[in-house]
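Letter by letter, the chains look like this.
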Amino acid sequence: MARLLVQLKLRLLRNALRSSSQAKAGFIISVIAAVLVAAGTFAGLAALRGNSASVDLTTVIFTLFAFGWLILPLMAFGLDGTLDPATLALYPLRMRPLAVGLLAASAAGAWPLANLVGLLGVTVGLARGALGLLIALLAVVLEVLFSITLARFVTASLAGLLRSRRGKDFAALLIIPIFALYELFAQLVPKLTEEGKLTPARFAGVDVWMRWIPPGLAAHAIQDASTGHPGTALLRLALLAAVVVVLGALWIRSLGRGLVTTDTSTQSSAVRGVALPFGRYGLRGTVAARFWIYQRREPSSLIYWGITAVVMIAVSIRTILTSGYLVGLVTSAVLGSAFLGVLHSNSIGLSGPGFGLEAMTLTGRRALRAYVSGQNIALGMVAVPLLTVISFGLAALAKHPVDGFLGMAVALAGIGAGLGLGDIFSVTLPYPMEKRAGSPVPRPADGFIGDRLAGSLGSLVGTVVAVIPVVLGVVFTRSDPATVRMPVLVVCAAGYGLVLAWIGGRLAARAAERRLPELYQIAVRSKL
Amino acid sequence: MGEPAIAVHGLRKSFGAKEAVAGIDLEIAAGSFAGLVGPNGAGKTTSLSMMTGLLRPDGGQVVINGLEVWADPPAAKAIIGVVPAEARLFERLSGEELLEYAGRLRGLSAGEARSRAAQLLEVLDLTADAKRLVADYSTGMRKKASLGCALIHNPSALFLDEPLEGVDPVSADVIRRLLTRYVGSGSTVLFSSHVMELVEQVCDHVSVIDKGRIVATGTTEQVRGGKTLQQAFIDLVGSRADGGEGLSWLGSSSS
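Those sequence lines, one after another, are chains A and B. The first sequence begins at 1 in this note's numbering and counts up by one. The second sequence begins at 529 in this note's numbering and counts up by one.
Hints listed in this document are in silico derivations from the structure and should not be mistaken for laboratory results. Where hints are given, some of them may not hold.
[To be verified] A few chain A residues facing chain B, derived, Cβ under 10 Å:
#1 P112
#2 R166
#3 V271
#4 R272
#5 F278
#6 R297
#7 A367
#8 R485
#9 M486
#10 R515
[To be verified] Under the rule of at most 20 Å between Cα atoms (straight-line distance), these lysine to any residue pairs were calculated in the SDA-like manner:
#11 B:K659 with A:E298
#12 B:K659 with A:A275
#13 B:K659 with A:K435
#14 B:K659 with A:P277
#15 A:K527 with B:T667
#16 B:K659 with A:R297
#17 A:K435 with B:E614
#18 A:K527 with B:K659
#19 B:K659 with A:F278
#20 B:K659 with A:A314
#21 B:K659 with A:G279
#22 B:K659 with A:V271
#23 A:K191 with A:A314
#24 A:K527 with B:E614
#25 A:K168 with B:D664
#26 A:K527 with B:A613
Glycine residues also receive a C-beta, built at the ideal position from the N, C-alpha and C atoms.
From just these sequences and the hints, can you work out the full model?
See below:
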């Protein structure tokens, strides 16, 4: 069974590679990344040799790896056919060989191998003597087994939910905190290291409680064996092995349950409210109502807005607490609005086959103008408060709250530019989108990466260029009194943004009128 | 026959070297329940998409109730309803919101759209699920919701692509009765299907399409020619499989 399931996993991988050149490129990049992570982790752990906080840091790294094993399968659930017990439910398989087989399938692949090789860095960094080395090898194997059984137990317990619409929505939203953590790490770690505030010694003592969790048991077993306490080391390993066995038993039980039960949480879900909003505002209000609802209910919309907020905060985090805070504030507003343009640059492809319902009713240029402006209104209803709040929040962090108006002015102009450009690119360079199994956000269908690059770059660069007059306004009015400068800048930027959005909407409606059937054919190819 | 409700002349479409629809002609009288039948890949969906203004033809003419579709697509779209093969709906709206949205897109006032949506949901047996997201609907429920969207503005002609594909018998009966009532009021239905029993049961006019060409058209009786529609259809398009003669191992007596 183990061999068969490992072969199944490798076959699924091989077939995915054959499906497109993108998949091949993705696989090569993934393998290179796995090799780099393995080498980096090995080197990082090995470099801890002689460091006073080596066991603390090893504990932290072991815990991070276990956490990664826990989180990634939740997001990539649909990618690995061997993760979902339902795919095997039809076959007459006994639970124990099935569990062993699934465990083996989990351990096969570039990333599990990279995990194992990387963690073996402890044989250099933490282990001392033959016994220390032997315990280190055992500890790493048990740590990897613990990570796999923990991940398997959680995915098996949640399999029903992850197969359901509600569970997939939840898993998709996990991308926002993960992206935020990544950005925090990428922005703060180099800064703190540069300033000398982040050194290995600062981790000393962080494992006061972490030493009792399984990754801590593994790290401390190596430390104990290396410092002449083989009894304690073996005890810790025995405890870790017991945890693995208990997790395995729990996993087998939830696997048995998962094979014969289904998630019913979506059966009871219902929306509140009795009607679509904006009923009094004709076609414009009708379209705005649909897009407004989608901004709240569609996970990919929430992800886009979440990522926009994270990017705005991340780009300013290094400068916002310094005297150059204004650069961070303006950059944040420019990038936030440019992101809006990028995310809105293929709205028809993102509407998907449902656009057919709209295409049947868009009778002429006037209706198309209403359609485009309805979208812009709905997106503006989210973008304006979001970007304004972040601008004022950053200004408050910089202890210059009034300067939030400057960020707001840039953001208002940028939102108008982003919407107008997004409208134009949506109808002149539309492309079908598809949501692949396990992927939280839709991506361009095969063969349309070039269109995506052109639309995204066009919107990004166009928005940045369009806000230059407002940025210049911010710079050249520095010496003017704030009571005059701020309201003038905000009102002028808002007017400028409205004009840009209006022009973009009109141009887009004119272009769409000529090619509505073609736009429909692209939308209908989207698989969302 | 007086002025036909749906008239198609020389309609054709190619995708690269493949000729999907090779110049079809059709005339369907007002108040007809017409079926367009053909094997998979015969050109049914392509033909219906061109007739409803959703796919630009390479040539030919489509006239619906006197309006030439490709001369004035908006005017033609205003008087027709379309139920595509794969229910193309907004998944993140509830059933109730979806129908109201369709009504308001069609120019109905918010109040009227809401009222008609509630009535259609009732007739389509979807009231209990009206507040659930379309994403959580079964295939049959999605087809019914799609039909509701197509009917909410009271079109004079309705085009349906495989309306009962994957639909359970109870939902199929609901859809069939609603369509029969709709046709009874003088409106026209053209639907594609490869379920011959259904077509034979409900259609008074049948056209058979194969390899992008209409190979037979007329009243159901004429096309059947004294046989079952299933047999007439197979005779017209030809049987394409050997019935699995090579599978000698298949069956309970083999191992």
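Status of each hint after checking the structure:
no.	hint	in the structure
1	P112	violated (34 Å)
2	R166	holds (8 Å)
3	V271	holds (4 Å)
4	R272	holds (8 Å)
5	F278	holds (8 Å)
6	R297	holds (4 Å)
7	A367	holds (8 Å)
8	R485	violated (43 Å)
9	M486	violated (39 Å)
10	R515	holds (9 Å)
11	B:K659 with A:E298	holds (16 Å)
12	B:K659 with A:A275	holds (10 Å)
13	B:K659 with A:K435	violated (25 Å)
14	B:K659 with A:P277	holds (15 Å)
15	A:K527 with B:T667	holds (16 Å)
16	B:K659 with A:R297	holds (14 Å)
17	A:K435 with B:E614	holds (17 Å)
18	A:K527 with B:K659	violated (24 Å)
19	B:K659 with A:F278	holds (19 Å)
20	B:K659 with A:A314	violated (39 Å)
21	B:K659 with A:G279	holds (18 Å)
22	B:K659 with A:V271	holds (5 Å)
23	A:K191 with A:A314	holds (12 Å)
24	A:K527 with B:E614	holds (11 Å)
25	A:K168 with B:D664	holds (12 Å)
26	A:K527 with B:A613	holds (15 Å)
Consistency note: the structure conflicts with the earlier hints numbered 1, 8, 9, 13, 18, 20.
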